[in-house]
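**Student:** Residue numbers (numbering that gives the first Met the number 0), protein chains in the order written: chain A, 0 to 218; chain B, 0 to 218; chain C, 0 to 218; chain D, 0 to 218; chain E, 0 to 218; chain F, 0 to 218.
These are calculated hints, taken from the structure and not from any lab test. One or more of the hints may lead you astray.
Selected chain D positions facing chain A (in silico; Cβ < 10 Å) [to be verified]:
#, residue
1, Ala72
2, Asp74
3, Leu98
4, Cys113
5, Tyr115
6, Val118
7, Gly121
8, Gly134
9, Ala144
10, Ala152
11, Gly178
12, Gly179
13, Ser181
14, Asp184
15, Arg218
Model, not experiment: these values are computed from the prediction. Using N, Cα and C, we set each Cβ at its ideal position, and we do this for glycine too.
Number of protein chains: 6
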Amino acid sequence: MTKQMAKTKHPPKRTGKTAGQPPKPRASAAAGDDNTITALKLKPAQLSPDMAAYFAKCEEKLGFVPNVLKAYAFDNAKLAAFAALYNDLMLAPSGLSKLEREMIAVAVSSHNRCYYCLVAHGAAVRQLSGDPPLGELMAMNFRAARLSKRERAMLDFAVKLTAEPWLVEEEDRARLRRGGFSDRDIWDIASVAGFFNMTNRVASATDMRPNSVYHRQAR
Amino acid sequence: MTKQMAKTKHPPKRTGKTAGQPPKPRASAAAGDDNTITALKLKPAQLSPDMAAYFAKCEEKLGFVPNVLKAYAFDNAKLAAFAALYNDLMLAPSGLSKLEREMIAVAVSSHNRCYYCLVAHGAAVRQLSGDPPLGELMAMNFRAARLSKRERAMLDFAVKLTAEPWLVEEEDRARLRRGGFSDRDIWDIASVAGFFNMTNRVASATDMRPNSVYHRQAR
Amino acid sequence: MTKQMAKTKHPPKRTGKTAGQPPKPRASAAAGDDNTITALKLKPAQLSPDMAAYFAKCEEKLGFVPNVLKAYAFDNAKLAAFAALYNDLMLAPSGLSKLEREMIAVAVSSHNRCYYCLVAHGAAVRQLSGDPPLGELMAMNFRAARLSKRERAMLDFAVKLTAEPWLVEEEDRARLRRGGFSDRDIWDIASVAGFFNMTNRVASATDMRPNSVYHRQAR
Amino acid sequence: MTKQMAKTKHPPKRTGKTAGQPPKPRASAAAGDDNTITALKLKPAQLSPDMAAYFAKCEEKLGFVPNVLKAYAFDNAKLAAFAALYNDLMLAPSGLSKLEREMIAVAVSSHNRCYYCLVAHGAAVRQLSGDPPLGELMAMNFRAARLSKRERAMLDFAVKLTAEPWLVEEEDRARLRRGGFSDRDIWDIASVAGFFNMTNRVASATDMRPNSVYHRQAR
Amino acid sequence: MTKQMAKTKHPPKRTGKTAGQPPKPRASAAAGDDNTITALKLKPAQLSPDMAAYFAKCEEKLGFVPNVLKAYAFDNAKLAAFAALYNDLMLAPSGLSKLEREMIAVAVSSHNRCYYCLVAHGAAVRQLSGDPPLGELMAMNFRAARLSKRERAMLDFAVKLTAEPWLVEEEDRARLRRGGFSDRDIWDIASVAGFFNMTNRVASATDMRPNSVYHRQAR
Amino acid sequence: MTKQMAKTKHPPKRTGKTAGQPPKPRASAAAGDDNTITALKLKPAQLSPDMAAYFAKCEEKLGFVPNVLKAYAFDNAKLAAFAALYNDLMLAPSGLSKLEREMIAVAVSSHNRCYYCLVAHGAAVRQLSGDPPLGELMAMNFRAARLSKRERAMLDFAVKLTAEPWLVEEEDRARLRRGGFSDRDIWDIASVAGFFNMTNRVASATDMRPNSVYHRQAR
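Throw the hints in and build the complete structure from the sequences for me.
**Tutor:** Structural data, given as C-alpha cells:
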C-alpha cells in the first residue's frame, strides 16, 4: 500500500498541531470589538434625555446598547434620526413579519459583506426564527435555504435591488405581487433593503464592530 | 470622387427627417412623471400638522413639493423619519459644504443609475455651484470633471463605498485624512453616500419619478 | 418638540450657504473644454480641401465644428475615414430613424460613462425628439424611460452588445425581428452600437472634451 | 413630543411578535440536511475495506462521517481520490498551519458563497483557533478581521486567485515572499485555494448539505 | 496496492475511445463558416469598381477575401468606409509596428471573446511575429506572455480601455509615455483598441464567421 | 479620388514591415516554457517507483511528460494524489465521452483565462475530435460553436458553475436532465468543471507553462 493511501486512514483530526510547530496563541480576530467601536475618533455627546432614555431601554431589554447606537452617539440629532428610521422600518406594524425584515437585513448585508450587520442581524434571525441555521444561510447564501415561495421572492427582490438596482422593473414588482405581497409590502421590502444598503456602507466606511455578545446568541 | 467621400461634405444636420420618413410625434419618455409618482398604489395619508407645515414650507421655498416626499406621504411616521434624516444629512452644519454633499449624492446615484436622484440632485448641483456642466459631470462620470484634490478624494471614497463597500479599509480613510478631512467629515461623507444608496434603491424599486421642473432648473 | 423634528420644518433650501462658511467660487468643472480638446498634444494638420469644406459646412449648419472632428484634424486621412464612417452610420438612409440612432449612441455611451459622447449626443436626442427628458433618460438609465416596445428592444440589444458582446446569440436577433426589425435594421443597430463603443474609448483614452455649447442646447 | 420620537423610546425587542400576528412555526431552512445530502440520486456503493476503515475512523475521531464523504461514496475510486487529495492538502506537513489552511478554505468559500464549505470549515476555524469570531470573520469578510500581516497576505492571495486568477502575476508571489512565505508555502496556499474552488463548485452543483452538527460546534 | 493507484499507471491516452462507446462522428463546430458568413440575410450589392478592385487585390495578395469584407458587401458605401478606416488604422505609417497593432487587436478581442477577430487576427499575430505561441497568448491571456515593457504597457492600456473605459485617466497616459510612447502613439493605441471594440461587437451581433483558412495559418 | 480611398486599394499585406522600421527579432513570448515550468523554485523529489513508472508510461504513450506532472514532482504524495484524481475524472468510465470532458476542461479554462490548461487541453480537444476549430472555439467562446443541444447544455452548466457557482440551483440540474444527462452524469460534469477550477488556479498561481509541443498538435 502506498504512503498516500495510508494517509487516508487518518480522518481529519482538528488538534491544530503540526509536528514541531507548537500552536501559537493568537489574539482574537475580533479583539477590541467591544471597546473600539469604529475607526473614527468622534467624541461622544452628552445624550439628550430622549436618547438617554432610549439607551436605558436597550440596556433593560437587550442587556446592552448596540454598538451602532454608540457609534452615532457623538451627535444627538443624528442618533435620533437614525433610531427613528430604524425603529419604524424594523419594528412598526407591517405586512412583513419582524423575522422577514431581519432576513432581508442579513441577505442584503451578505451581498455587501458587512461584518457588523451580518453579526448583529444574523443573531436576530436566529433568535426570531428559533432556527439557527436560518441565520447562517441568510449570511452565506440565501439561495441554499429551504424557504417558502414568498420568502424566496422577497429575498430575490431585495438582493437584486442591492446588486443591480438599475435593473429593477415592473416585472420584478409583478413577481412580488404574484407571491402575495401588497404594494405596501413592496414598499416595506424596498425600504428595509434600502436601509441596510445604507447602514452596511456606514459600517464598512467606519470599520464598525459588533458587540461581541451577538456571536453566541441563539446558537 | 466616390459617393462615400461626397457624403462627408454634408455635415451632421439634426432635423430628424429621413427622406420619406415623416417624423412621428412620440409621447414624452417622461410622460406622467408629475402625476404618477411611483408604480405603487399607496393611499395618501392625512398629513400630520408637522408634515403639512413641512409641505407648505416646500411650496413656499421651492415652489413645489419634491415627489419623494409625496411618495412617502402614505404614512406620516415614515415621511417624518425620512425627512428628519434627509434634512440632518444634507442641511445641518457639517465640514462638507452643501454643494459637496450634493456632489456625493449625484456621483453615488450615477453609479446606481437612479433616474429620480440624478434628476433632482443633478439640478441641485447645477444650482448650488452655478456651474451647470458640473451637474452633468457628476451624473455622467465624475472622473472627467476638473475637481480639486479634496473633491476628488471625497468622491472616490463615496463611489468605492457604493460599488464595493467590502473593500473599504483604513487606507481609504487615511487618504481622506491626507486630503484634509477630519474624522467627523469622514462620517458625513459615509453617511451621505450611504443615504443615497438607500434612496436610490427605494426609488428604483418603486419607479419613482422626479418633478418635471427639475429638468429645466439652472441650465 | 425635539430639535430634530423642528429641523424638518425647514424645507431644503438651496442657497449653498452654511453658517460661517462663505461659498467659495470654484472654477468650472468643465473649464477649458472649448480650448484643450484632448489630453494629447497633436499638431493640427493643414486641412485638405475636402476636409476644409466639411469643417465649413459644420460651421454653417451647426454654428461650430464638433470637437471630435478637431481632435482628428492632426491627420487628414484619419479625419476623413472617421467622418465617412460617422456620416454613413448616423445620417445615411436606414430603417432606423436618426433619433433612434442617437438614442443608441447615448444609451451605449451611458454604459461606458463617456463624457464627450453623452454631452454631444444627449443634445442630439433632446433636439431630434423635442423631448428634453428623453435625452436625460438615455444618459441616466434607458430602462426608466417610457418607450415603445420597438425602442426598448433596440436599446436592450445595443446595451447587451456593449456590456457582454460574447453573450449575444440568435435569440437576441430573434427578439429584434419579433419587434419588427429587418436583418438590415439589425446590422444598423449593431453598427451604431459598435461605433459608439469605438468612439467612447477614443474619447476616454484621450480625455476628449465636448463643445460647451452642447450643454445648453434644446433644454 | 411627536409620535415618531415616542417610538424611539422602545428599544428593539426581539420577540418575533407583531400585534395580531402570531408567530407561525416554520420548518427549518436546513431541514433534511442530515438525510438528503445532495440533490442527486446516486446509489451508495459497497465501501471498499480502505474506505470502510476511513469512515470508521471518522466516526471514532469526529463522531460522524462528514457529508461530503458520504456524497462521494457512490464510487470507491472517486471517494479514495478525493480523500487522498483532501488529507494531503489539509493535514500533511506544511509550512502553513492547519488553521491557516482552514482560514484559506473559508475565505475562498466565502467568495464563492458555498453553504457546505462555509459551515463545515467555519466550524474548523472556530475549533482550531479557539476564537469563534475568527470563523465568522472568514465567512463574512476576512478584510474586517484583525489579522497578522502574514495571514492577510495569504488570504489576499487566495481570494484574488479565486476571484480573478488571470490577474495573478509575479508581483503577487513577491508579496507573499516578502510576507515570509517560501516557494513551497506559495504552492500550498495555491493548492488549498484551488482545492476549495473545486469543492465549492461540486457542492454548489449538487446542493450538498453540511452535517447539522457543525452549526453548534465551538461557538 | 489499491485500485486507485493502479489506475495512475496508465498515462493519459488520447484515443477518444471509451470501452463500449464508439466515437461518434460529429459535424465540425465551425461547419459552414466559409459559406454562411453571418446570421443576417443581406443581399450582396453589385461591387463598385473601387471595391471590386479591392476584393481582387485581396484575392491576389491573401488568396481569399476576408469574410468581414464579404459581410459588408451588401452596401458599397459601408464597405468602403469600413475598409478605409481599417486600412488606415492597421496599415498606415505609425509609431506602432503592424505586429503591435495586431497584438492589440487580439488582446482586445480576447477580452470581448470574439470568435471572428480572434481567429483572423490571431493568425496575423502568428504570421507577423513568426512566433505562433504569441498568437495563442494574445488570445488566451496576454499577461502570461513574455513581453517587453513597452508591449506590456501598450496592452495593459488597450485592455483597461476595453474593460473599463470610464476609469482611464491621465496616470494611464503617463504610464504609456514613461514606456516610450509619444502622444501620437497613444492616439494610435486608443484608435486600434477602439476599432476592435467596434468590430468585435459587429461580429458578435451578426455571428460573423472567419474564413476557415485562418485556422491553419502560420502554426 | 482622395488619398484615403486610394489606400483602400492596397489589401492588407502581412509583411510586418513598416517603411524605415526594420522588423526587430523578438524572443518568443513562450520562451523557456519547456525549461522553467513554474515560477516557484521547488526541488524535484526522487520519484517513487509508482510515479517513475507513471512518467515512463507518459513518455511512451505521449512522447513527453506533461509539465503539470513535472510541476508536482517535488513531492511524490502530492503528485500521486493529483494524478489519481485527474485520471479518474478524465479517463475512467463515465456517461461523458473523453471529448466531452476535454470540452468542459477548455471552456472552464477559457473563463479563467488559464494559459497552461488552454494550451494542453485545447490540443486534446483538437485531437479527440479531429476538428481543430472545435479546440479554438472552446478556448475563445463556446457559445459561437455549432454544438448539439446536449453539448451546449453541458457547457452552459459548467461555465455558470465556474463563473457564479452560488447561483446554481435545481433548475440548472433540471435543464441537464432534460438534455439527457443522468444524475451520475451531472456529478461528472460538476467534478470535471470543479477540477479545472482547481488546476486553473494552481497553474495561474505558479505561472505554469505548457510543453511547447502542444501548440502544434492536431492543427
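**Student:** Please verify that hint: Val118 (chain D), Cβ, nearest Cβ of chain A, below 10 Å or not.
**Tutor:** The hint holds - Val118 (chain D) has a Cβ within 10 Å of chain A, the shortest such distance being about 6 Å.
**Student:** Hold the hint about Gly134 (chain D) up to the distance rule: shortest CB distance to chain A must be less than 10 Å.
**Tutor:** Result: holds, 9 Å to nearest chain A Cβ.
**Student:** Given Gly178 (chain D) was flagged as interface, is its beta-carbon under 10 Å from a beta-carbon of chain A?
**Tutor:** Not OK, violated: Gly178 (chain D) not within 10 Å of chain A, min 16 Å.
**Student:** Would you check whether Cys113 (chain D) satisfies its interface hint, that is, whether its CB is within less than 10 Å of any CB in chain A?
**Tutor:** Holds - the Cβ of Cys113 (chain D) comes within 10 Å of chain A, reaching about 7 Å at its closest.
**Student:** Given a cut of 10 Å on the nearest C-beta pair, is the interface hint for Gly179 (chain D) held or broken against chain A?
**Tutor:** Hint on Gly179 (chain D): violated, closest Cβ of chain A at ~14 Å, above 10 Å.
**Student:** So, as I understand it, the hint says Ser181 (chain D) touches chain A; can you test that by seeing if any CB pair is closer than 10 Å?
**Tutor:** violated (14 Å)
**Student:** How about Ala152 (chain D): closest beta carbon in chain A under 10 Å, or not?
**Tutor:** violated (15 Å)
**Student:** Tell me if Ala72 (chain D) is really an interface residue toward chain A, meaning its C-beta lies closer than 10 Å to one of theirs.
**Tutor:** violated (13 Å)
**Student:** Does the interface hint hold: is Asp74 (chain D) within less than 10 Å of chain A, judged Cβ to Cβ?
**Tutor:** violated (15 Å)
**Student:** So, as I understand it, the hint says Ala144 (chain D) touches chain A; can you test that by seeing if any CB pair is closer than 10 Å?
**Tutor:** Status holds, d = 4 Å.
**Student:** Given Asp184 (chain D) was flagged as interface, is its beta-carbon under 10 Å from a beta-carbon of chain A?
**Tutor:** Violated - the Cβ of Asp184 (chain D) stays beyond 10 Å from chain A, reaching only about 13 Å at its closest.
**Student:** With 10 Å as the cut and Cβ atoms as the points, is Arg218 (chain D) at the interface with chain A?
**Tutor:** Interface hint status for Arg218 (chain D): holds (4 Å vs cutoff 10 Å).
Checked against the numbered hints above, the structure violates hints 1, 2, 10, 11, 12, 13, 14; every other hint is satisfied.
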